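**Student:** So you can see what is in the structure, the chains are spelled out below.
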Amino acid sequence: MNNLLEVSNLRIAFRVDRKTTAEAVKGISFVVPRNATVALVGESGSGKSVSSLAVMGLLPPDTTIIDPASSIRFDGREILTMSAAERRAMCGKDVAMIFQEPMSSLNPVFTVGAQIAEVLRLHMNMSKAQARRRTLELLEEVGIPDPANKIDAYPSQMSGGQQQRVMIAMAIACEPKLLIADEPTTALDVTIQKQIMELIADLQKRRAMAVLFITHDLGLVAEIADHVIVMRHGEVREAGTASQVFGQPADPYTKALLHCRPSLDARPWRLPVIADYLAAPDARRHAGGDIAEGQGVKLLHPLERQRGSAPDDQPVLVVRNLSKSFHLRDGWFGKREFKAVKDVSFTLARGKTLGVVGESGSGKTTVGLTLLRLHQASGGSAMFEGRDLIGMSAREFQGYKRRIQIIFQNPYASLNPRFTVGEILLEPMRIHRIGADDRERTAAAYLLLEKVGLPASAFQRYPHEFSGGQRQRIAIARCLTMKPEILVCDESVSALDVSVQAQVLNLLQDLQDEFGLSYIFISHDLSVVKYIADQVMVMHQGAVVELADSDQLYRNPQHAYTRALLSAIPRHG
Amino acid sequence: MMAHASVGLWGLAWRRLRADRVAMASLAVVMAFLLMLVLSASGLIVADWEDEVGVNYAPPGFVGAGPVAAVVAPVAPLALPDNPFDPLADDIRALRTPVLDMYGVADPLADDLAALGASGVAAAGAGKRATLPFGADKWGHDIIKKTIKGGETSIVVGLVAAFIAVGLGTLFGALSGYCGGAVDDFFNWFYSIFTAIPSVLMILAVAAVLQQKGVVTIVLILGLTGWTGPYRLIRAEYIKHKAREYVLAADAIGASHWRRMFAHIFPNVSHVALVQMSILVVGFIKAEVILSFLGFGVPVGVVSWGSMLNEAQNELILGRWWQLTAAAIAMALLVTAFSLFTDALRDALDPKVK
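So the protein lines, in turn, are chains G and U.
Sequential numbering of the first sequence, starting at 323, is according to the numbering used here.
Sequential numbering of the second sequence, starting at 117, is according to the numbering used here.
So here's chain G without its partners, still in its complex pose:
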């Protein structure tokens, strides 16, 4: 018996209401060999998480229908027909799971030590003292500094990376044979992500356990996975060894996933999108005979885009010494000042893109919000056409609002769920009296929908009827109604699937080419920034540590922090 976990013909549907069901997993089969790392890769809606939850028995029983022909065998035992008690005994002991969001997986009112010890006492029958000793060892093993102290800390007193380490310590406490990691690094900064990935790889080797690693990011698992399974729409598109999947991907979807993500080495004129690969045969024939996929896409866009600042750039926004402090309450009467942004200065050139990178808490988002006066700046100036946007009165700024706009990170949160798309698009035009009457505005809205690649029927629909990428297009269209000159993109593609991300990046690029927009592109994703930005500003703890042309910055980083960031980017191939 060489396989630890054998999933065969797994078919899962969810009850939507009394009559309809939605099939989430359509008869997939895969195996996890002992002592190996298997990556389950797919975009949202691919069924990867549902499959892993089925292994743990964590799907809601009243709405889940698992096909009777399905089988999940763990260590030779059928899981699906087990009793609830047997299953509970197995989960947590032989199979353990870590989740995406460590903050919400840990109970905030118990110390981390108590939470790890609970698992040990439940499954390993340890005494209190034994459990505490073992907990200390575990914290040491997952690399928590000063474990003797941290064992009595509450989750909120730890950073996100440390919390995830605690989750891992809890998961490996009972020496599981299989560790399921569901997007364990997605919520973490890139440098922390690298550390956690190394920790998981290290533990897997040391403890000879199997790891089922679930992620949307194919590039991330290149270094640690032995086998890769690519899923889409509840089906397995490709399965094979890592070298095979990354070296010679057979499925066009896998190829698309590998190429849609902007890479650090190349900057194609347009990013390839999934449709380029899947609509394949016809498009390739157009491109010229029998060239292989992948290459064909490159040939379609032979030019590499050149980026960088030029001496004849016209400055559109000149920011000097921008700072922002928050006053936090400290005790009953005390106040503490927290400087989120410290003396940030930069110049944005017309028609160019300034990338702002940094980890969470670096103040990059605050810079964007302060420029739009969504936060009140504590000091500094932002000159736009000879006027200081920061210093002017709120009444005066109202007239400038349409000229500097923002696209937020989460398209699920930034659109009012009670407005139709039409209302969302008409509102800014009504407020700023753009267009003579509503008929003209409606016509303009329809044109914009077309421009951002949405059907005209979208006009009467509500945001919840659209996918994440489509919603981000709606948000972009809303900004475009006001014909802004400066667009702040605050992590605007970070919440999107890789393939959708490429589409939105292409859209932003097209709009810049067409309207000469200037972008301030805020992101934690250095590959994306490298692709889109002319200049890059690196922020750390509220201050600018480096500001340079993007090619130069990536080729020859000056600051130690920039180098640390760059070295943490997962690379494949």
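Honestly, the hints are just simulated from the structure, not real lab data.
Model, not experiment: these values are computed from the prediction.
With a cut-off of at most 27 Å between alpha-carbon atoms, the simulated DSSO-like pairs for lysine-lysine come out as follows:
| no. | chain 1 | residue 1 | chain 2 | residue 2 |
| --- | --- | --- | --- | --- |
| 1 | G | Lys661 | U | Lys358 |
| 2 | G | Lys472 | G | Lys516 |
| 3 | G | Lys657 | U | Lys356 |
| 4 | U | Lys356 | G | Lys661 |
| 5 | U | Lys358 | G | Lys657 |
Fit chain U to the given chain G structure using the hints.
**Tutor:** Below, chain U without anything else, positioned relative to chain G:
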């Protein structure tokens, strides 16, 4: 996704509600009550509720006139054996008149009654029915009609007072939660004072200020004291929502504070207001009964479920339970249906589902 007709969040909530059988059944009951209210308010039914169609305290038809009528009918005087040694025996015998009431005591008005009967007034009583489908009250009003008429007052009081309370609570809560700072402090201070005073005292104080009895007074009393619950919830919702990205986005496109508060945030928290409203309707219908008991209820001449229960207090010791039962059943039915509907509504409107 693009195939079906577009439905908004309200449409989706309605769909979820439709799928819930309990919700639909309770909604049907509530709608039936509302229909009854509209019909009786417009005078299409029970306009004649004040007609004295039955005899006093006519019992329900299913009980029958028998046992109760027997109580009301005069009984034969007790034939006490004469005491041969009683020196007053002769006097007593002389006092005994042929007309005795049910307890065998001489009725001094017997002659007058007989005269009245002869003149035909009692003949009017003869046309009254001995039983009614659900009995009659002291004056012989049909209890069913009285209950329907009483529901008119009770439901209107409940609905209007809840509307005022939720309206005030929403306005204060929105201002408080959205503006924060000094405005929030002010409303919180106001709220603390209101909730620090026991509610019955508060109601008595408002009643003393308003100085007059009437349906409008009750509505004002309940509405002006009931806003605190919705206020607290709406304020919390506004604090949560004002930092949401869609509100920031509205700020970025230049929407005014007023617009952000009521065009953007309010539709997203309106489910809270709606659920609060239906909870308060139930509470206020019950509160009207308590107010009637305290003497701040509807004035004489207006009937409500509260005043019916108030009357029933005195009737119950006489064994006339039907007015109490009718008012209680009607109220329990509406309150239960409304509460079940409220629960279902909360589930259906929960925006977390989508």
